[in-house]
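Spelled out from the first residue to the last, the chains are:
Number of protein chains: 2
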Amino acid sequence: MTIESLKPFLTPRSVAILGASQDPNKVGGRPLHYLQRYGFKGPVYPINPGRPEVQGLKSYKSLDDLPEVPELAVCVVAGDQAVTAVEDAARVGVKGLICITSGFGETSDPEGAVKQKRMVDAARAAGMRMVGPNTQGLANFANGCVASFSTMFTTLKCMDGPIAVVSQSGAMSSIPIGLLAEKGLGVRYSLATGNDADVSVLEMACAAAADPDMKLLLLYLEGMPHADKLADLAEIAHKNNVMVVALKSGRTAAGARAAASHTGALANEDRVVDAALKRVGIWRAPNIAGLVSAAEVYLKGWKPKGRRFVTISGSGATGVMSADHATEAGLEVVSFPPDTRKKLDQILPSFASAANPIDLTAALLTNNSLLGQILPVIADADAADLFKVDMPVAGPGYDMPGFAADIAGFSKATGRPVVVAGWQGDIPGTFRAAGVPVFPLEAEAIAALAQLVAHHELVDRAKARPRPHWQPFDAAATAKREVALNEAESLSTLARAGLPVVPHHLCRSAAEAATAWRNLGGPVAVKGCSADLPHKSEYGLVKLGLDDEDRISEAYREMEQAVAKAGARFDGVIVARMVKGRREMLIGAHRDPFFGPVIAVGEGGKYVEAMPDVALLLPPFSTDDVLAALDGLRCAAVLKGVRGEPPMDTAAFADAAVRVADLMLRDPGIASLDMNPVMIGDAGRGVALVDAVVMRYED
Amino acid sequence: MTIESLKPFLTPRSVAILGASQDPNKVGGRPLHYLQRYGFKGPVYPINPGRPEVQGLKSYKSLDDLPEVPELAVCVVAGDQAVTAVEDAARVGVKGLICITSGFGETSDPEGAVKQKRMVDAARAAGMRMVGPNTQGLANFANGCVASFSTMFTTLKCMDGPIAVVSQSGAMSSIPIGLLAEKGLGVRYSLATGNDADVSVLEMACAAAADPDMKLLLLYLEGMPHADKLADLAEIAHKNNVMVVALKSGRTAAGARAAASHTGALANEDRVVDAALKRVGIWRAPNIAGLVSAAEVYLKGWKPKGRRFVTISGSGATGVMSADHATEAGLEVVSFPPDTRKKLDQILPSFASAANPIDLTAALLTNNSLLGQILPVIADADAADLFKVDMPVAGPGYDMPGFAADIAGFSKATGRPVVVAGWQGDIPGTFRAAGVPVFPLEAEAIAALAQLVAHHELVDRAKARPRPHWQPFDAAATAKREVALNEAESLSTLARAGLPVVPHHLCRSAAEAATAWRNLGGPVAVKGCSADLPHKSEYGLVKLGLDDEDRISEAYREMEQAVAKAGARFDGVIVARMVKGRREMLIGAHRDPFFGPVIAVGEGGKYVEAMPDVALLLPPFSTDDVLAALDGLRCAAVLKGVRGEPPMDTAAFADAAVRVADLMLRDPGIASLDMNPVMIGDAGRGVALVDAVVMRYED
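For the protein sequence lines, the chains are A and B, in the order given. According to this note's numbering, the first sequence is numbered sequentially starting from 65. According to this note's numbering, the second sequence is numbered sequentially starting from 65.
No lab work stands behind these hints: they were computed from the structure. Watch out, some of these pointers could steer you wrong.
No copy labels: a pair is met if it fits in one copy or bridges any two.
[Unchecked claim] With a Cα cut of at most 25 Å, we get these calculated DMTMM-like pairs of lysine to aspartate or glutamate: (1) Lys-670 <-> Asp-695; (2) Lys-607 <-> Glu-553; (3) Lys-369 <-> Asp-403; (4) Lys-607 <-> Glu-648; (5) Lys-670 <-> Asp-746.
Produce the complete structure using the sequences and hints provided.
Right under this line is the structure:
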């Protein structure tokens, strides 16, 4: 539905330019210039009442004068006239409008927002979709529909290719295209959505991802108010085998401030963005270079079988560094089986090394066929999944075209990824021409391979999970007031959800407390219960290890007094069995305004803010997802058992986390949950919630 | 002394080539070819008994036939003949010999090592220095003395410049030169030391750093057996204002294995390498790109006054990303004072943003003098230390040469670092020509500035410290056997060194133990003492919180029996006051075979291996160094006090760490110390060592 409505932007039959300028270097002249330069085949109608023709095309006075209703209109008229132009376009039945004009929602002037709303209202009433305002425009280099004013497309002759670049920012819709062109890669779509007033960047990304020719989609975002569309995008991309790499800026406080003043983006909690992208199998790039760095390996369509990595180099040093980089990137620098080693030794001269990294020294100079001989030996033995060949120095004597042909042939025959590291002279050109991805330096080549492996793992896991129930941002929801349940009510809520709450009784008298102690048998914890005082220990409302009637009665009376003294409501005293787990963990949950329930799992204790060791998960998720998240924690090894200790009951912990997620999905009245500590015992001994605070929304 | 002896390698008066070949593309022909191509002015003597002349120069039969004794000889004869050639050169009085020939210490053949030793012995007996064997050679592009066979120097026309590249590996002596040439930077020295049989890579680095024209020294190492020379290098470089960046590979197990087979490097403990480089103010690069990435800003000679950072951009998106990257790199994205903001607002058009990042939007297109106007406003207010200008898109309308002149002029007038991010078209060339460092993308520009700031801080701290007492690697020292002291002896050793050991008594009878308890007053820890059983708790040799005579006597008897049962020597029982610190810390010490005493400070407890939070320090160091190290720990905030808790006594902890370092320096008989836990209390309450194991070398 969305995608259908966006087709006029990508493949329009006809285009009108509202306010077309004669000067091809002005914002108002560029779209017309580019439509002609890039060979758009459909009718193009410049609208400029002041001229009989514009840039060689017959000019029209208004939309009403055109011989047909254009499918796409591009609005470049100045200032307030843009509002009228949008209304006109909606009236005559234009299907899609790109409003390049700026000065609306992105300004600090409240009038700008009002005018922008008028445009959106007019468009929506007429069933017209609108991109912008304040957008650099859209380009499709397959059909020449380049309705953009990007300066990049003047200096660069853009080529079509299986990549889409979709961005809120104009600059970031074109910078990646320039960088990819330097690698010889073409891009089909450059889609800048500007103020996202009607069509959002993620909707536009969905439309691009649905193009069956796409293999890679690069996304630049400063805000993410439409989480539902992120789930759509992932679904469409996975179905269409498009890998998605996203650069979401505004990660830091300074960045979020800058984003708010740039695109008016609402700040996302960055750890939630991380978790959300991971949840749906989208790779997060740290910077512009990281957005484009692995493009070549993505386009090969490789799906690596594993992480076993081999480097073949003519330089010992690049081999040593590659072993370091590969290990640090999580690849396995495999040792060859003796058989394979022997076969390699027979091929290699004595001074070369057949260990991994394979150091050919200068042997390639004397025997240009070495590479073609050794690669199949490794593949035949199924001894590695990923290959890198270093060409650190080029010059007379090296048959680069021959090496390129050998590598390309090997990779094609085996389907295994092989990349080259080299930058000198014609190395990049020669290997690219043969279809071999080439990176300037070893670290970059290894990073790209490691990203390919990890991204495919992410996609596979994402595909196996049910779709998240994300909703569009709802400002009203964030304004709801919250109220704390007292500890007894909190524990009851969790117990009803099937969580292993510590055996306890809420007692309303000292006698009841003593009875509770006798029933529980053994030492108990006594805790004053008041919804008004969540930080119990600060008021002396926690006593541990009490094991005789007098001290329990005394504790009851003291706590009753302490609560009264604090002017708080006294809800009784909880008498709970003392539980000694192996380690204090935590499970927390809150509702993100963009992505809904977020579950935190990790180490508990009192320093969780100062020394966090926590992972976030977005439901629905499985116990396997929780176990994988625990594996990424600092305390992972301790949970598994070190120094001869038995493993802890991570299975029970994971089960508890899944139940918390279910509870958050089932009961929208719960604002947040904080369970700290969750005591974890030896494997098979379970976990126990000993303390919890549940916050509910007020009715 | 060292440096004097290496002068013949860098600035020889005359050069002989032993085994010079007629073919300029052969290893044996390249040095002669390059000496002529790069215009070496002194006499060059090819020695090749088979030809009357070589590459146009008169050829000689042997060294004895030359009209003079050459100061430098380059040996390119094949295989074993190299040994004779070296002996001949030593005999006639050559001052320096570069042995390019390979097949010696780097091979697995023990004969190779024997032959290599013969060469070294001959050289040393005659007072001749030797570089290599198995080296790519040395180059000085200032005087044209290019005695190397690097293929790079064929394809690249190398330029002289204030940079030295010094490397064990041949490839890594030339790859950085090619990468720097792409930035328009010249390099004076390319020095590959190969097997380091006589002259080591660090000695060679000292010689290069002593050249008064040098500003930057790039170092590639796979091993670091000469720690003393590392200290020399730092001293010379600091004195001469040369910044040193080192890439030490073999960081991982796989990398160390590869290095051992490449240069025969002995594996260094990588965390110690980190600490050592930091100790002497050398920046550690993570990879090849990181080795050269900041070269342009180093060469400007800037010393930033602080970390306050400003971005000026024509793209909102690069501004947002810059704010993220700068924050993550530890720079401060400053807010301008109202005055400055007001002045900027007066200059900028209304749609631009005068906040930091300053977003000029497309205003630069209409007013090319904006940049030149706003930079001084910020500098005049002293509102920032570091500046970056983004040029994400180039094209018609942008006066790049004008911007470059404005930026260069501003930087020159104020001495403040300004860099540009931009890669398109002639941007790099235009700004470089004006002397403005330029980086392709924002993240790289910011990383370079952050490195410049952090490296200068490192150098300043290094200069303020006394020189470390590092010694050359001594294989014999690593073979010494170690023996554990029992806990009582260990604690005594530490108490004598002025460390705050918990009050305790070593008791040889149950009665003595009871007396000790009475004397100490209050609950005690009782611990069985046996040098044979350092892991006490596994044998039931630790009882805590005992506070009555019977239980103490009983504990004594049980422990005596437990030690006997384990077949170990019973040294008595330690009765110690129970100490409740705020947190369990650790101080450890060991002797690194390369760098001597290494002190570890950090969190204690039983999971120090599984969840390490530890920093390493190399003595001598000050309590300030310890405090700075603690600041980098995960537990830093907790030590300083969070959630209303008072700070802990880091001053006392730092004092203890300094005393441990002094002890390790003073008493070479101590192999290692392990103090875990060191209980730390509130500020002013001190620390207490409650457990310790001292290992001594056997006599």
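Against the structure, the hints come out as follows:
1. Lys-670 <-> Asp-695: both (22 Å within a copy, 20 Å between copies)
2. Lys-607 <-> Glu-553: Cα proximity of Lys-607 and Glu-553: one copy only (20 Å, versus 41 Å across).
3. Lys-369 <-> Asp-403: Classified as within; 22 Å inside a copy, 60 Å across copies.
4. Lys-607 <-> Glu-648: For Lys-607 and Glu-648, the Cα distance is within 25 Å both inside one copy (18 Å) and across copies (24 Å).
5. Lys-670 <-> Asp-746: both (22 Å within a copy, 17 Å between copies)
The structure fails none of the hints (numbered hints given earlier).
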